[in-house]
Amino acid sequence: MADLLNVQGLETQFRTREGIVHAVNGVSFSLKEGETLGIVGESGCGKSVTVMSMLRLIPMPPGKVTAGTAMYQGKDLLKMSNEEMRQVRGAQIAMIFQDPMTSFNPVLTIGRQVAEPLETHMGMSRKQAYARVAEMLSLVGIPNAKERLNDYPHQFSGGMRQRVMIAMALTCNPQILIADEPTTALDVTIQAQIVDLVKRLRDELGMAIIWITHDLGIVAGLAERVNVMYAGYVIETAQVKPLYANPQHPYTIGLLGSLPRVDQRERRRLISIEGLPPVLYQKPTLCPFAPRCVYKVERCMQENPPLMQVGPDHFAACWVDTATGRMRA
Amino acid sequence: MSTFLIRRFLWLIPVLFVVATITFFLMHAAPGGPWDRDTTARQVDAKTQKLLSEYYGLDKPILMQFTSYVFGGKNSKGQFVCGAVCGNLGISYRMKGLTIQHYLFAPPEDKPFWYSKFGYSLRLGVYALLFAIVVGIPAGIIAALKQNTWIDYLSLFIVTIGISVPNFVIALLLILIFASGLGWVSIVPNSWDQVDVWILPAVVLGFGTMARTARMTRASMLEVVRQDYVRTARSKGLAERVVVIRHMIKNALIPVVTILGPALAGLVTGSFIIESIFGFPGMGRAYVTAIGQRDYSMIMGTTLVYALLVALANLSVDIMYGFLDPRIRLTD
Numbered sequence: 000m001a002d003l004l005n006v007q008g009l010e011t012q013f014r015t016r017e018g019i020v021h022a023v024n025g026v027s028f029s030l031k032e033g034e035t036l037g038i039v040g041e042s043g044c045g046k047s048v049t050v051m052s053m054l055r056l057i058p059m060p061p062g063k064v065t066a067g068t069a070m071y072q073g074k075d076l077l078k079m080s081n082e083e084m085r086q087v088r089g090a091q092i093a094m095i096f097q098d099p100m101t102s103f104n105p106v107l108t109i110g111r112q113v114a115e116p117l118e119t120h121m122g123m124s125r126k127q128a129y130a131r132v133a134e135m136l137s138l139v140g141i142p143n144a145k146e147r148l149n150d151y152p153h154q155f156s157g158g159m160r161q162r163v164m165i166a167m168a169l170t171c172n173p174q175i176l177i178a179d180e181p182t183t184a185l186d187v188t189i190q191a192q193i194v195d196l197v198k199r200l201r202d203e204l205g206m207a208i209i210w211i212t213h214d215l216g217i218v219a220g221l222a223e224r225v226n227v228m229y230a231g232y233v234i235e236t237a238q239v240k241p242l243y244a245n246p247q248h249p250y251t252i253g254l255l256g257s258l259p260r261v262d263q264r265e266r267r268r269l270i271s272i273e274g275l276p277p278v279l280y281q282k283p284t285l286c287p288f289a290p291r292c293v294y295k296v297e298r299c300m301q302e303n304p305p306l307m308q309v310g311p312d313h314f315a316a317c318w319v320d321t322a323t324g325r326m327r328a
Numbered sequence: 000m001s002t003f004l005i006r007r008f009l010w011l012i013p014v015l016f017v018v019a020t021i022t023f024f025l026m027h028a029a030p031g032g033p034w035d036r037d038t039t040a041r042q043v044d045a046k047t048q049k050l051l052s053e054y055y056g057l058d059k060p061i062l063m064q065f066t067s068y069v070f071g072g073k074n075s076k077g078q079f080v081c082g083a084v085c086g087n088l089g090i091s092y093r094m095k096g097l098t099i100q101h102y103l104f105a106p107p108e109d110k111p112f113w114y115s116k117f118g119y120s121l122r123l124g125v126y127a128l129l130f131a132i133v134v135g136i137p138a139g140i141i142a143a144l145k146q147n148t149w150i151d152y153l154s155l156f157i158v159t160i161g162i163s164v165p166n167f168v169i170a171l172l173l174i175l176i177f178a179s180g181l182g183w184v185s186i187v188p189n190s191w192d193q194v195d196v197w198i199l200p201a202v203v204l205g206f207g208t209m210a211r212t213a214r215m216t217r218a219s220m221l222e223v224v225r226q227d228y229v230r231t232a233r234s235k236g237l238a239e240r241v242v243v244i245r246h247m248i249k250n251a252l253i254p255v256v257t258i259l260g261p262a263l264a265g266l267v268t269g270s271f272i273i274e275s276i277f278g279f280p281g282m283g284r285a286y287v288t289a290i291g292q293r294d295y296s297m298i299m300g301t302t303l304v305y306a307l308l309v310a311l312a313n314l315s316v317d318i319m320y321g322f323l324d325p326r327i328r329l330t331d
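Sequences listed follow chains A and B, in order. Quick note on numbering that gives the first Met the number 0: the first sequence kicks off at 0 and runs consecutively. Quick note on numbering that gives the first Met the number 0: the second sequence kicks off at 0 and runs consecutively.
Keep in mind the hints are simulated off the structure, nothing from the lab. These numbers come from a predicted model, not from an experiment. No residue lacks a Cβ here, since even glycine has one placed at the ideal position from N, Cα and C. A hint or two may mislead.
Said to hold, decoys possible - The calculated label-pair distances, taken between Cβ atoms and stated as ranges, are:
#, chain 1, residue 1, chain 2, residue 2, range
1, B, Val241, A, Arg16, 29 to 39 Å
2, B, Trp183, A, Glu146, 53 to 63 Å
3, B, Phe322, A, Glu146, 16 to 26 Å
My request is simple: use the sequences and hints to build the entire structure.
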């Protein structure tokens, strides 16, 4: 199937008092129609900035997309006029955000806020839009949706608000839904409900999804393909099954080792990755993970490894073949 | 909502009582009196002073003076006269035979209420506040949206002037430029029914408030610009104009409203200096001269009017909060 979205060599930088932070460094990936892509990594590794750069939602200044293309339907999102960009946002590529508490405007009613994309993109009247909003809210499982249109965000619980957020993103039947850690701020039972809801809606509506999270468990059940990010680089990418069965990059191995598993008989200690991810003020001349890596060799300190093919449709950015301990190149 | 209003109105009673108590005893603690007790310095002789004191009740014990001012008491002829609780603010020692409420609130004959001293001050205060809002809020919004551009720096410059330069200096500057220099407005009115003579007093009086409003709006907008819901609004593909007007401004104005209520009270009571410079027939002047003259009932009367205005202004801010911010529900 053809690529719906193709991102090549995306680079984003932030100008700060301490210097230029290289937040996204040459990220490339593609998304097929109806595909679900998981982007996984620790906080501050550039997951959110990657998708925000694509939709040009990062604050500029201090942020700046310095290189790359993001082709969507034959057009580069990064070079569109502001007007064209607005017609894509919300209508064709919609987003849901991490914190459902702060992502709604506290002084506008839910109906008002969910109706906005319909009025903007579909040219609906207020009345038509509200009728559709009520339908959408029932679809995501808000009880008495019609009566709740005039309620304010603070009158909803966190989980309900995230459902409303999903309804708001899907009102215009977008082709791509970007979910930026939508379950992080919710407790575990609500998380499962939200994930199930998104799965159901994906099967009904058939949109492609980019799901950003640091929770590998959620991605395993939801995504078809996973990008693991570290310090603004994609360091491993593969289909879900090979990635979980046979992780190649030491960082991915570390992430998976830090998860408790119910399918293992013997008790084992959870592994944690020592240290913190770096903030890059310069393009690194060494592998950015090397300082925390248990597999590191001399070359890791001299040259940053590119993504290398390690299996069918499986790429990792590591000089060392972690399974055998041999050098890759 | 109605319970809230009733409770808040009932709260006015202790507030005003405390204000009256403090003012009354401070005022009497200050040395001197309405007719100076030093007989060598003034023409009023001891006998006249005694008669005057008897007439105004100043010979009575101070606690009794207080209760008769606040609640009522017998006058020199032995009749009961109700006090401040009935809205009777007392007889002025200087304006012969005039009660304070008459002096402040009664318009000249055949004129509507807003020609009274209080009415003039109220009108000037409202115009000054309108100037502060109409100029200050848009200036703050634009400065925030164009942060760190020349527009931002220009507005910051004007705001700094407005906050740090005393308003009588600004008054003189503006008179020099716009009245004496350019001759655009007159400052010596034949009548206060002329429109142009109101411009300079209102602008000068409102200048400081305008500056504070602009500064606060700017800070508040900068806060809102970074909020997650603004990003959400953009992610929906809304036009920038809609994002600013619908999603930012209402949120940004909530804290600004807090300063506007008390500001109106301050502006209505006016500034003695501004009223003097422009020869304005308002109550600000009465307020300050009364202190020098130890015109006790005038001091008490104007203070109570001022206190009531501040209290009502704060109350109206609380009510407006309820309309602006749905998270605040006005219950008990």
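Check the following: the C-beta atoms of Val241/B and Arg16/A are separated by a distance inside 29 to 39 Å.
holds (33 Å)
Is 53 to 63 Å a correct range for the gap between the Cβ atoms of Trp183/B and Glu146/A?
Since the Cβ atoms of Trp183/B and Glu146/A sit about 58 Å apart, the hinted range of 53 to 63 Å holds.
Do the beta carbons of Phe322/B and Glu146/A sit within 16 to 26 Å of each other?
holds (22 Å)
Consistency with the previously given hints is maintained throughout, with no hint failing.
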